Amino acid sequence: MNERLALERQKLVRAWYRYVTRQGPALAIPDEPSDEPARPEVNVDEEVAASWARSALTVPPERVSAPVVSESDVKHSWQESPLEYGVRGLIPELRRLAEEADLIVGIGNTDGTLLWTQGSDRMADLATSINFVPGGQWGEGSVGTNALALALRTRQPVRVFSAEHYVQTVHDWVCYSSPIRDTQTGELLGVLDFSTTWEHSTPLGLASARHYAQQIELALSGRPVAPVSDLQLRFCGPPQVMFGGKRLHLTPRQHELLCVLALHPGGLTLDALHAHVYGDQPISLSTLKSEVSTLRSLLGGQIASRPYRLSVPVQLDVQEIEERLLAGQVSAAADLYDGPLLPHSASPLLTYWRDYLDAALREAVCRSRNADLLWRYASRFDDPEVLEVLEALLPEDDHRLPIARARRTALDAAF
Numbered sequence: 080m081n082e083r084l085a086l087e088r089q090k091l092v093r094a095w096y097r098y099v100t101r102q103g104p105a106l107a108i109p110d111e112p113s114d115e116p117a118r119p120e121v122n123v124d125e126e127v128a129a130s131w132a133r134s135a136l137t138v139p140p141e142r143v144s145a146p147v148v149s150e151s152d153v154k155h156s157w158q159e160s161p162l163e164y165g166v167r168g169l170i171p172e173l174r175r176l177a178e179e180a181d182l183i184v185g186i187g188n189t190d191g192t193l194l195w196t197q198g199s200d201r202m203a204d205l206a207t208s209i210n211f212v213p214g215g216q217w218g219e220g221s222v223g224t225n226a227l228a229l230a231l232r233t234r235q236p237v238r239v240f241s242a243e244h245y246v247q248t249v250h251d252w253v254c255y256s257s258p259i260r261d262t263q264t265g266e267l268l269g270v271l272d273f274s275t276t277w278e279h280s281t282p283l284g285l286a287s288a289r290h291y292a293q294q295i296e297l298a299l300s301g302r303p304v305a306p307v308s309d310l311q312l313r314f315c316g317p318p319q320v321m322f323g324g325k326r327l328h329l330t331p332r333q334h335e336l337l338c339v340l341a342l343h344p345g346g347l348t349l350d351a352l353h354a355h356v357y358g359d360q361p362i363s364l365s366t367l368k369s370e371v372s373t374l375r376s377l378l379g380g381q382i383a384s385r386p387y388r389l390s391v392p393v394q395l396d397v398q399e400i401e402e403r404l405l406a407g408q409v410s411a412a413a414d415l416y417d418g419p420l421l422p423h424s425a426s427p428l429l430t431y432w433r434d435y436l437d438a439a440l441r442e443a444v445c446r447s448r449n450a451d452l453l454w455r456y457a458s459r460f461d462d463p464e465v466l467e468v469l470e471a472l473l474p475e476d477d478h479r480l481p482i483a484r485a486r487r488t489a490l491d492a493a494f
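Straight run, no breaks: the sequence shown in the working numbering ends on number 494.
FYI, nobody ran anything at the bench for these hints, they're computed from the structure. Every value quoted in this text rests on a predicted model; they were computed, and no experiment measured them. The beta-carbon is built from N, C-alpha and C at its ideal position, and this holds for glycine as well. Possibly wrong hints are sitting among the right ones.
[What the hints assert, rightly or not] Restraint-style ranges between C-beta atoms, simulated for each label pair:
1. 169 <-> 200: 17 to 27 Å
2. 317 <-> 406: 20 to 30 Å
3. 155 <-> 472: 21 to 31 Å
4. 146 <-> 85: 17 to 27 Å
5. 475 <-> 171: 39 to 49 Å
6. 451 <-> 163: 13 to 23 Å
7. 309 <-> 475: 20 to 30 Å
Sequences and hints are given; from them, build the entire structure.
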């Protein structure tokens, strides 16, 4: 047995026990002092720790299995989902991978409901015991911290190992999940998950999940992989700049410059660019010229001057979100929005766009009166207003209602 993995698991289990015993008396660890600090002593990933806190509001840590929707409902959803087309050609390869690596593969929708699974005999038996099966609802509100839920929330590939799972029955598992997007619009379509038992954890797990998620996206796009010549900018959420098919790793200031230039395709004078980026900050025009020159080099000379403008086709998520809101496509706009626009930027222009987009999207989501859309939005962003609207819409027998109430109560208490 890998001693490093065993030690990591042991530390996480003890950290998890300390955390859950502060939430209630259901579970106990012997010979531990009662005045443990609120945060675990072992380093728990920040996203996992935040997920534990949300999970504690609605999910008992001793829960045995996930809730399940009816077989007919999930079969219909899978047949109607674009994901079925995207994964169709990969099924033989995924089946072989599951058998050889002793794991289970799952495809889930944007709510975390599993639509399709394929696993080795051993993992299929284990999965059935906890309802990791088609129809199993693996959203955070149903079973607490898990890789599918975190990948959907963060829109990033995620590994959740052993006792990082909030529900104790999954502590023997390690799971790797990667979101699946529409490559044309950026819309979130679902999530791919690879799971096995903790002792089989490998660095290749997350890379494999990311690779096959990309293969599904490629199949859905209907076109071969080829370098693109345009500039793709995603700044609502974790910043991502793609140029010529390659990701550029830029500074926060370069992100600001790119976003301001993309919002002004007709170009800006040097003074106007300075005002939009720096406002009243005492930064010279020569400094701005130097920063633009550096960015121009990184973009292969694709920034013109007099006026300053991007001389390459640009896709900017800020504009795409606004266009969808104006067209009444609220669900598509919400799926493109991964968080506030460059939240640490003090740029006057970007501060305006950040506040404007946040308010416009929240109001559109609330006015939609669409419970599923409100639930997806509230699952990703802590927003009491959205939760209040959601509470008013959900019937008393809906399993999401107590979760929405608990989260709103907790947010009201925090603020």
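Verification of the hints:
Between residue 169 and residue 200 the Cβ separation comes to about 21 Å, which falls inside the hinted range of 17 to 27 Å. A beta carbon spacing of about 26 Å between residue 317 and residue 406 agrees with the range 20 to 30 Å that was offered as a hint. For the pair residue 155 and residue 472, the beta carbons lie near 23 Å from each other, so the given range of 21 to 31 Å is met. A hinted range of 17 to 27 Å for the beta carbons of residue 146 and residue 85 is inconsistent with their spacing of about 32 Å.
Separation of residue 475 from residue 171 is about 46 Å and conforms to the stated range, judged on CB atoms against 39 to 49 Å. Checked against the given bound of 13 to 23 Å, the beta carbons of residue 451 and residue 163, roughly 20 Å apart, stay inside it. As the Cβ distance of residue 309 to residue 475 is approximately 50 Å, the hint placing it in 20 to 30 Å is violated.
Violated hints, listed in ascending order, are 4, 7; each of the other numbered hints is respected by the structure.
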